[in-house]
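Chemist: Sequence:
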Amino acid sequence: MARISKSKAAKFNAHTLQKLRDAVEIDPEVDLTTKLPLRYSTRLTKMRRVAQSDEDEDIRAFLRASDSVEVVFSLSEAVLNLLGVPRNTESTPNDSRSD
1 MARISKSKAA KFNAHTLQKL RDAVEIDPEV DLTTKLPLRY STRLTKMRRV
51 AQSDEDEDIR AFLRASDSVE VVFSLSEAVL NLLGVPRNTE STPNDSRSD
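For reference, each letter of the sequence shown is one residue, going 1 to 99 in this note's numbering.
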């Protein structure tokens with residue numbers, strides 16, 4: 001099954017689909033083309049392009065789980081406390097470094 005999306009295009013389609021369902025509920029023989037929003041295809045295409053360009057600019061698109069990582073800065077004491085990680089059990093390459 002496809003990924004559930006909350007994009008503007010997805011919301012537009014969900015709203016349009018609900019209006020079509022309501023129209024069929026009132027009149028099962030309704031001509032659905034008369035119930036579609038004006039310039040439906042054009043508007044949907046534009047919304048999809050905007051969503052696509054947003055994804056292109058998202059740095060997360062370039063991250064891969066198989067890539068190796070390097071710890072540049074260890075987590076601060078405050079963050080470790082928030083996470084419930086005692087400082088003496090954390091071991092990172094930067095721990096041996098003197099600040």
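Rather than coming from a laboratory, the hints here were simulated on the basis of the structure.
Be careful, since some hints might not be right.
[Said to hold, decoys possible] Pairs of lysine to any residue, SDA-like flavour, derived with a Cα cap of 20 angstroms:
(1) Lys46 with Val85
(2) Lys35 with Ala23
(3) Lys19 with Leu36
(4) Lys6 with Thr34
(5) Lys6 with Val72
(6) Lys8 with Arg43
(7) Lys6 with Lys35
(8) Lys35 with Ala61
(9) Lys19 with Thr34
Chemist: None of the hints should be skipped; say for each whether it holds.
Modeler: Hint check results:
1. Lys46 with Val85: Distance ~47 angstroms between Lys46 and Val85 Cα, so the pair is violated.
2. Lys35 with Ala23: Roughly 8 angstroms between the alpha carbons, so the hint for Lys35 and Ala23 holds.
3. Lys19 with Leu36: holds (8 angstroms)
4. Lys6 with Thr34: violated (26 angstroms)
5. Lys6 with Val72: With Cα atoms ~34 angstroms apart, Lys6 and Val72 exceed 20 angstroms; violated.
6. Lys8 with Arg43: Holds, at about 10 angstroms.
7. Lys6 with Lys35: violated (23 angstroms)
8. Lys35 with Ala61: Measuring from Cα to Cα gives roughly 37 angstroms; hence the hint is violated.
9. Lys19 with Thr34: Satisfied, since the Cα-Cα distance of roughly 11 angstroms is no more than 20 angstroms.
Checked against the numbered hints given earlier, the structure breaks hints 1, 4, 5, 7 and 8 and satisfies all the rest.
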